[in-house]
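Visitor: As given, the protein sequences belong to chains A and B, one line each in that order.
Each residue of the first sequence is one higher than the one before, starting from 10 at the first, in the working numbering.
Each residue of the second sequence is one higher than the one before, starting from 261 at the first, in the working numbering.
Honestly, the hints are just simulated from the structure, not real lab data.
Note that CB positions come from ideal geometry on N, CA and C, so glycine has one too.
Among these hints, one or two may not hold up.
Computed beta-carbon distance windows for the label pairs [to be verified]:
1. Met425(B) <-> Gly43(A): 49 to 57 Å
2. Asp360(B) <-> Gly77(A): 37 to 45 Å
3. Asn297(A) <-> Gly400(B): 51 to 59 Å
4. Arg24(A) <-> Met401(B): 37 to 45 Å
5. Ser147(A) <-> Gly400(B): 51 to 59 Å
6. Thr427(B) <-> Asp247(A): 54 to 62 Å
Keeping only pairs whose Cα atoms sit at most 20 Å apart, straight-line, the calculated PhoX-like set for lysine-lysine is [to be verified]:
7. Lys303(B) <-> Lys295(A)
8. Lys73(A) <-> Lys477(B)
9. Lys396(B) <-> Lys477(B)
10. Lys120(A) <-> Lys396(B)
11. Lys396(B) <-> Lys428(B)
12. Lys358(B) <-> Lys295(A)
13. Lys419(B) <-> Lys358(B)
14. Lys69(A) <-> Lys146(A)
15. Lys25(A) <-> Lys73(A)
16. Lys73(A) <-> Lys54(A)
17. Lys54(A) <-> Lys485(B)
18. Lys318(B) <-> Lys120(A)
19. Lys293(A) <-> Lys318(B)
So the chains spell out like this:
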Amino acid sequence: MYQFNSGFELLELTRKYNMPISEVVINYEHEMTGNDREIIINKMKANLDVMRKAIEKGLKDDIKSVGGFIGGDAKRLYDKIINNFTISGETVSKAVASAIAVSEVNASMGKIVAAPTAGSSGVIPGALITIARKFGKSDDELIRSLFTSSGIGIIIAKNSTLSGAEGGCQAEVGSASAMAAAALVELMGGSPDESLNAASFAIMNLLGLVCDPVAGLVEVPCVTRNAIGTANALICADLALSGMKSIIPFDDVISAMDSVGKMMPCALKETAEGGLANTTTGIKFKMNFSED
Amino acid sequence: MNLREYSVFDIMGPIMVGPSSSHTAGAARLGKIARQIAGDDIKDVQFMLYDSFASTYKGHGTDKALVAGILGLDPDDDRLPRSFELAKEQNISVSFMKSDKDAQHPNTVRIIIKNTSGDVTDVLGSSIGGGNVVLKEINGMNVEFTGEYETLITEHIDKPGIIAMVTKVLAEYKINIAFMRVYRQLKGDNAIMVIESDQVIPEDVSISIERINGIEKAIVINSIKNTY
Numbered sequence: 010m011y012q013f014n015s016g017f018e019l020l021e022l023t024r025k026y027n028m029p030i031s032e033v034v035i036n037y038e039h040e041m042t043g044n045d046r047e048i049i050i051n052k053m054k055a056n057l058d059v060m061r062k063a064i065e066k067g068l069k070d071d072i073k074s075v076g077g078f079i080g081g082d083a084k085r086l087y088d089k090i091i092n093n094f095t096i097s098g099e100t101v102s103k104a105v106a107s108a109i110a111v112s113e114v115n116a117s118m119g120k121i122v123a124a125p126t127a128g129s130s131g132v133i134p135g136a137l138i139t140i141a142r143k144f145g146k147s148d149d150e151l152i153r154s155l156f157t158s159s160g161i162g163i164i165i166a167k168n169s170t171l172s173g174a175e176g177g178c179q180a181e182v183g184s185a186s187a188m189a190a191a192a193l194v195e196l197m198g199g200s201p202d203e204s205l206n207a208a209s210f211a212i213m214n215l216l217g218l219v220c221d222p223v224a225g226l227v228e229v230p231c232v233t234r235n236a237i238g239t240a241n242a243l244i245c246a247d248l249a250l251s252g253m254k255s256i257i258p259f260d261d262v263i264s265a266m267d268s269v270g271k272m273m274p275c276a277l278k279e280t281a282e283g284g285l286a287n288t289t290t291g292i293k294f295k296m297n298f299s300e301d
Numbered sequence: 261m262n263l264r265e266y267s268v269f270d271i272m273g274p275i276m277v278g279p280s281s282s283h284t285a286g287a288a289r290l291g292k293i294a295r296q297i298a299g300d301d302i303k304d305v306q307f308m309l310y311d312s313f314a315s316t317y318k319g320h321g322t323d324k325a326l327v328a329g330i331l332g333l334d335p336d337d338d339r340l341p342r343s344f345e346l347a348k349e350q351n352i353s354v355s356f357m358k359s360d361k362d363a364q365h366p367n368t369v370r371i372i373i374k375n376t377s378g379d380v381t382d383v384l385g386s387s388i389g390g391g392n393v394v395l396k397e398i399n400g401m402n403v404e405f406t407g408e409y410e411t412l413i414t415e416h417i418d419k420p421g422i423i424a425m426v427t428k429v430l431a432e433y434k435i436n437i438a439f440m441r442v443y444r445q446l447k448g449d450n451a452i453m454v455i456e457s458d459q460v461i462p463e464d465v466s467i468s469i470e471r472i473n474g475i476e477k478a479i480v481i482n483s484i485k486n487t488y
C-alpha cells in the first residue's frame with residue numbers, strides 16, 4: 010500500500026520500502042489508477058516536453074501578454090546572463106529566466122503545464138530543468154523529480170489548498186516552490202527527510218503571501234513571484250542538502266499555511282480588491298479593463 | 261483534511277493554454293460540454309458572463325476559450341487563441357454580454373446556443389478552480405454535474421417506468437452507474453436524468469435509450485478528464 014495523507018506518512022513509506030519519494034509516488038499512482046508504470050512515466054514525460062517548449066519559447070520570442078502588462082523580460086534577463094552580467098549569478102538567473110519564460114508564455118495564451126496552477130506554472134520547470142541541465146542529470150532523473158514534486162503537491166492539496174482564491178499566493182507559488190525544492194533535493198541525491206526540510210523552508214519563507222493580481226489578470230505580480238518562488242526553491246534545497254533541519258515539521262508548516270490562508274481576507278485572495286490590485290495605479294488599470 | 265483522491269496529474273497538470281485554469285481551461289470545458297448538449301449543428305451562440313468572468317474575461321482569454329469549447333476544442337489545443345477566426349470559418353456567430361446579476365459562483369456563464377433549425381439550448385455553468393467545472397442548468401432545469409465522469413443526460417416525461425427502462429439499457433451494455441440523479445419541474449412534466457459512469461458510454465447506448473417511449477433526447481458527454 011502506497012497511500013499517504015501527510016509528510017509523515019510519506020516518509021514512513023520511503024523507510025518501509027527503502028525507496029525515494031519519487032518511487033513511492035509512482036507506486037501510489039499505479040495503485041490508484043491501475044495504469045502501468047510505463048504509461049504513468051510517459052504521461053509525465055509529456056508534461057516535461059510542454060515545460061521545455063515553454064521555456065524555449067519564452068527565452069527566444071518577443072512575448073506580449075494578453076493584458077499587455079508583461080512580456081519579453083525572460084529574454085532580456087537571459088541576454089544579461091549570456092553577457093555575464095547578473096548579480097545573482099548564472100545558476101539562479103537562468104532558473105529565474107526560465108521560470109519567467111514559462112509565466113510569460115502562460116500570460117500570452119501559450120501552452121503550459123499547470124504545476125500546480127497556471128499562475129505558478131513557471132517555478133517547477135524553471136528550477137528543475139535548469140538544475141538538471143547544470144548537473145548533467147538524465148531525463149529519467151528529471152521525470153522522477155517531477156513525481157517527487159507531485160507527491161508534495163498531493164499532501165498540500167489534501168491538507169490545505171493549492172488555489173490562490175482559497176489560500177492566497179502562498180498556496181500557489183509557495184506550494185510550487187516547496188514542490189520544486191523537495192524535488193531538487195532528490196535530484197541532487199538528498200534523502201527524503203532532506204526533501205521535506207527543503208519543502209518546509211520554502212513554504213515558511215513565503216508564508217502569508219497574498220494573491221492580489223492587478224486588474225485580476227495572471228500577470229502582475231504573478232511573474233515576479235514565479236521568479237522568487239524559483240530562487241527560493243534553489244536556496245531552500247541548498248540549505249536542506251547542507252544539513253539544515255526545519256524545527257517545525259512539514260505537516261505543521263502546511264497546517265500553518267492553511268490557517269494563515271483561512272485568516273486572510275477575501276480581498277487578498279484573487280479577487281483583485283486588495284494589495285497591489287487596489288493601489289491608485291492598480292485601480293486605474295482595473296478601470297481600463299472593464300471599459301470595453 | 262479532504263477525502264478526495266488525487267492523481268499525480270491532478271497536481272502536475274493539466275497541460276493547457278494559459279493564462280488561468282479557472283478563467284481559460286475551465287471556460288473551454290464549459291463550452292465543450294455545452295456543445296455536446298446542443299449537438300454539432302451550431303449556428304449562433306450567446307454568452308452571458310457573470311461576476312469575475314464578466315469583469316476579467318478579455319485579459320484571461322475567457323471569451324476565446326468559451327468559443328474554442330463550442331467548436332469542440334480541448335483546453336490544451338493550440339488553436340484555442342484563434343477560436344474566433346475558426347468560428348467565423350464555420351459560420352458560427354458568437355456574442356458576449358455581461359450580466360450585473362448575482363451568480364452563486366464568481367466564474368459563471370450562461371451559454372445560449374441556436375442550431376440551424378432554430379432549436380435553442382440554454383446551459384448555465386461555473387468554473388470552480390483548477391479547470392474543474394460544474395453544470396448547473398440545462399434549458400431552465402436545475403441540474404448538477406461536473407463532466408469528470410462519462411455522463412449520460414436524458415430529457416424525458418416524468419412518468420413511471422422510464423428510469424427502469426434506461427437502467428435496463430445500461431445494464432445490457434454492462435455500464436456501471438457511479439451516480440444518478442433525476443430533476444423535474446412539475447410532476448408529470450419534463451424531467452432530466454443525469455447518469456455518471458466511470459466507463460465510456462458508446463453512442464449505441466444513447467441511440468437505444470432514445471428509442472424508449474417517453475424519452476425525448478439522450479446525450480452522452482465524454483469525460484473532460486481524459487487523464488490517460
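Visitor: Just to be careful, I want the Cα atoms of Lys73(A) and Lys54(A) compared with a cutoff of 20 Å; is the pair within it?
Guide: 28 Å, violated
Visitor: Falls inside 51 to 59 Å, the C-beta gap from Ser147(A) to Gly400(B)?
Guide: For Ser147(A) and Gly400(B) the Cβ distance comes to about 57 Å; the hint holds.
Visitor: Take a look at whether the Cβ-Cβ distance between Asp360(B) and Gly77(A) falls inside 37 to 45 Å.
Guide: 26 Å, violated
Visitor: Taking 49 to 57 Å as the stated bounds, is the beta-carbon spacing between Met425(B) and Gly43(A) within them?
Guide: Given about 32 Å between the Cβ atoms, the range is violated.
Visitor: Check the following: the C-beta atoms of Thr427(B) and Asp247(A) are separated by a distance inside 54 to 62 Å.
Guide: 60 Å, holds
Visitor: Hinted pair, alpha-carbon criterion (20 Å max): Lys69(A), Lys146(A). Please report holds or violated.
Guide: Violated. Lys69(A) to Lys146(A) sits at ~24 Å, over the 20 Å cutoff.
Visitor: A range of 51 to 59 Å was offered for this pair. Does it hold for the Cβ distance of Asn297(A) and Gly400(B)?
Guide: For Asn297(A) and Gly400(B) the Cβ distance comes to about 37 Å; the hint is violated.
Visitor: For a C-alpha distance cap of 20 Å, please report whether Lys293(A) and Lys318(B) respect it.
Guide: OK: Lys293(A) and Lys318(B) at ~16 Å, within 20 Å.
Visitor: Next pair to validate is Lys25(A) with Lys73(A); report whether the Cα-Cα distance is within 20 Å.
Guide: 50 Å, violated
Visitor: Regarding the pair Lys396(B) and Lys428(B), is the alpha-carbon distance no greater than 20 Å?
Guide: Violated, because 27 Å separates the two Cα atoms, which is more than 20 Å.
Visitor: Given the hint that Lys120(A) pairs with Lys396(B), does the C-alpha gap stay at or below 20 Å?
Guide: Violated, because 29 Å separates the two Cα atoms, which is more than 20 Å.
Visitor: Measure nothing beyond the straight line between the CA atoms of Lys358(B) and Lys295(A); if it is 20 Å or shorter, mark the hint as holding.
Guide: 16 Å, holds
In the structure shown, a violation is registered for the earlier hints numbered 1, 2, 3, 4, 7, 8, 10, 11, 13, 14, 15, 16, in ascending order.
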